[in-house]
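Since the structure of chain A is already known, use the hints to place chain B on it.
Which chain is which? The protein sequence lines are A and B, in order.
So the number in my numbering is just where the residue sits in the first sequence, counting from 1, plus 1.
So the number in my numbering is just where the residue sits in the second sequence, counting from 1, plus 1.
Hints were generated in silico from the structure; no laboratory data involved.
A few of these clues could be false.
If chains are identical, the list can't say which one is meant, so a pair holds when it fits in one copy or spans any two.
[To be verified] Calculated cross-link-like contacts (lysine to any residue; reagent style SDA-like; alpha-carbon spacing at most 20 Å):
id, residue 1, residue 2
1, K217, V248
2, K235, N189
3, K235, E211
4, K203, L329
Each chain is listed here by its residues.
Number of protein chains: 2
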Amino acid sequence: MGGDYAPAAVVTGALEAVREAQGRFSVILVGRKEKILEEIGKNGDLAGHEMVREHYSIEPADDVIEMHDSPTAALKSKQNSSIGVGLRLQRDKKADAFVSAGNTGAVLSASTLILGRLKRVGRPTIGALIPTVKSPCLLVDAGANVDCRAKHLLEFALMGSIYVSSMLGKTDPVVGLLNIGEEESKGNTATVEAFGLLKQSKLNFAGNVEGRDLLKGTVDVIVCDGFVGNVLLKFGESVPSFFKAKVSRLAEQSIRQKLIALLARGTLRGVMKELDYQEYGGVPLLGVDGVSVIGHGRSTPKAIKNMIFRAEETAVRQVSSRIAQAILQLPE
Amino acid sequence: MGGDYAPAAVVTGALEAVREAQGRFSVILVGRKEKILEEIGKNGDLAGHEMVREHYSIEPADDVIEMHDSPTAALKSKQNSSIGVGLRLQRDKKADAFVSAGNTGAVLSASTLILGRLKRVGRPTIGALIPTVKSPCLLVDAGANVDCRAKHLLEFALMGSIYVSSMLGKTDPVVGLLNIGEEESKGNTATVEAFGLLKQSKLNFAGNVEGRDLLKGTVDVIVCDGFVGNVLLKFGESVPSFFKAKVSRLAEQSIRQKLIALLARGTLRGVMKELDYQEYGGVPLLGVDGVSVIGHGRSTPKAIKNMIFRAEETAVRQVSSRIAQAILQLPE
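Okay, chain A solo, but in the shape it has when bound (with noise of 0.2 Å):
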């Protein structure tokens, strides 16, 4: 029932996702059972295809937590919501994987209470998937935590690392610390005192990047506070409207620059399109256990789709175990 074109663009990316998947899984629609039965009628070909019929079932939830619902007073209020329901199905073992589009303060809070944080992680964390000139990196922290401590940003780059190891397939990934300088001695408190956690950590960290660094692809994982990583990412986000806005108005000028408009927009939309979150399908929540993903307000089918494969990938690569054990080494 989450995110902004729901149910539609959910129930269509779901099923699209089980044509897809060929058998390999099932996919559980958690909501209000006549919204999600309409929305199967108006996939008729896609629901009646024999594959895709026997790997969906519906789990009725009759609460729907809103996109502007306090997420806090919402999960009290809202026992039956589709985020409760859903994930109290992994925590039951009944599911193996979580996803929704759906209030992202809501999925991170219900995530962290009924799947449980690992032991010894002191913030669970999402981190998010960026482009770059060479292979994608991840932002770490993306949102879900800030006035971040040292130790914070420590925790991030193992979960950071041991995901992107895993998903990835980068055996010992390059950690960066996003900072306003080079320098060990330059940044805020947290990341001054950071560098020096990372530097003794056994993680392959590199030292500090910039701002204009992130875009080169120079490291695997970028570790910041959820603040920074919201501002950047949302940033990040904004630029491909930017340019369309300043390329229109450039055609606006003369008939030369229409056409050449014209000409490059395929060009254009094949650069935009790496910007794009909904090619990434959603961020991971990292420190739970269980998978968790939380995909985009303006999620369509796409990123639906593509989120539940991730987070199959996710169960299946054993993420969130990984996690466990690999947290336990760090100095208390």
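Below, chain B alone, put in the same frame as chain A:
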């Protein structure tokens, strides 16, 4: 002597500014005399121009603070640096403004030390004009202060508002607080408290703005901690090279793409230009008793020229004394 292309770029830019100013102001070139004379020699035509010849002079300063020097140590050991000498000219009323593309930390410290902080200003700040879909907007703090508390953010908002109203002619500029959500309750400790202070102030406060709003031009002043400001600005600067790299990669894929990329080059360059710091010519230091404009290390002659015009205007419009008056209105 400051900046990656100094003194060549600095001398050329300064002479060009003088020529364009048509006698409205003079420039004192501060640094190693023989080096400066050498560069002036290379700009024979420009320097020989009668108007130019009469409007520049040289103030010798033998020490050079390098880009990698530690600001505090360098200011102590290099008493005769071009930064120190130049700022003392202003303190001694022999100059009205100071411009440098040198070591940012050193210019910041020396400006605060030599010009002095304005009364009741806790932390002098730097503001950067960023392009938006509408008119440019001032991001303040752009990197001078980290670990800012709410009262510092309030000061930045006030100083930024005065700069924008004085320099861009906007009466009662709209102020936004950079945050991770629109709601008053969102953010870290500093922004949540700053929201309250800004709401109570006489500033034209529009509430929180998010990363995705930066390029929309919905506000005239965006307030943030210098850590976030620095990371964002450097990230924004790197976007054009990311685009260039991606477009050239697409161009390699087919002759059609190559032709389009060639044709679109001019259009793209037009858009990129706006993301280019050089067009904007340096950032002002606000909250000191005088005028100090700090340029990018990579400042070209054009950037230097723009910085000089910016500095002149800041002096003429008496930004510093307007801030001095306004800050007294803030609750202690």
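Handout entry: Intra- versus inter-copy proximity for V248 and K217 (alpha-carbon distance at most 20 Å)
Key = Answer is between: at 15 Å across copies they meet the 20 Å cutoff, but 24 Å inside does not.
Practice task
Up to 20 Å between alpha-carbons, please classify K235 paired with E211: within, between, both or neither.
Solution key: Close inside one copy (17 Å) and across copies (7 Å); limit 20 Å.
Handout entry: Status of N189 relative to K235 across identical chains (alpha carbons, at most 20 Å)
Key = This pair counts as between: shortest inter-copy Cα distance 17 Å, intra-copy 22 Å.
Problem - Same-copy or cross-copy closeness of K203 to L329 [CA-CA at most 20 Å] - result: within (13 Å within a copy, 52 Å between copies)
Checked against the numbered hints above, the structure violates none of them.
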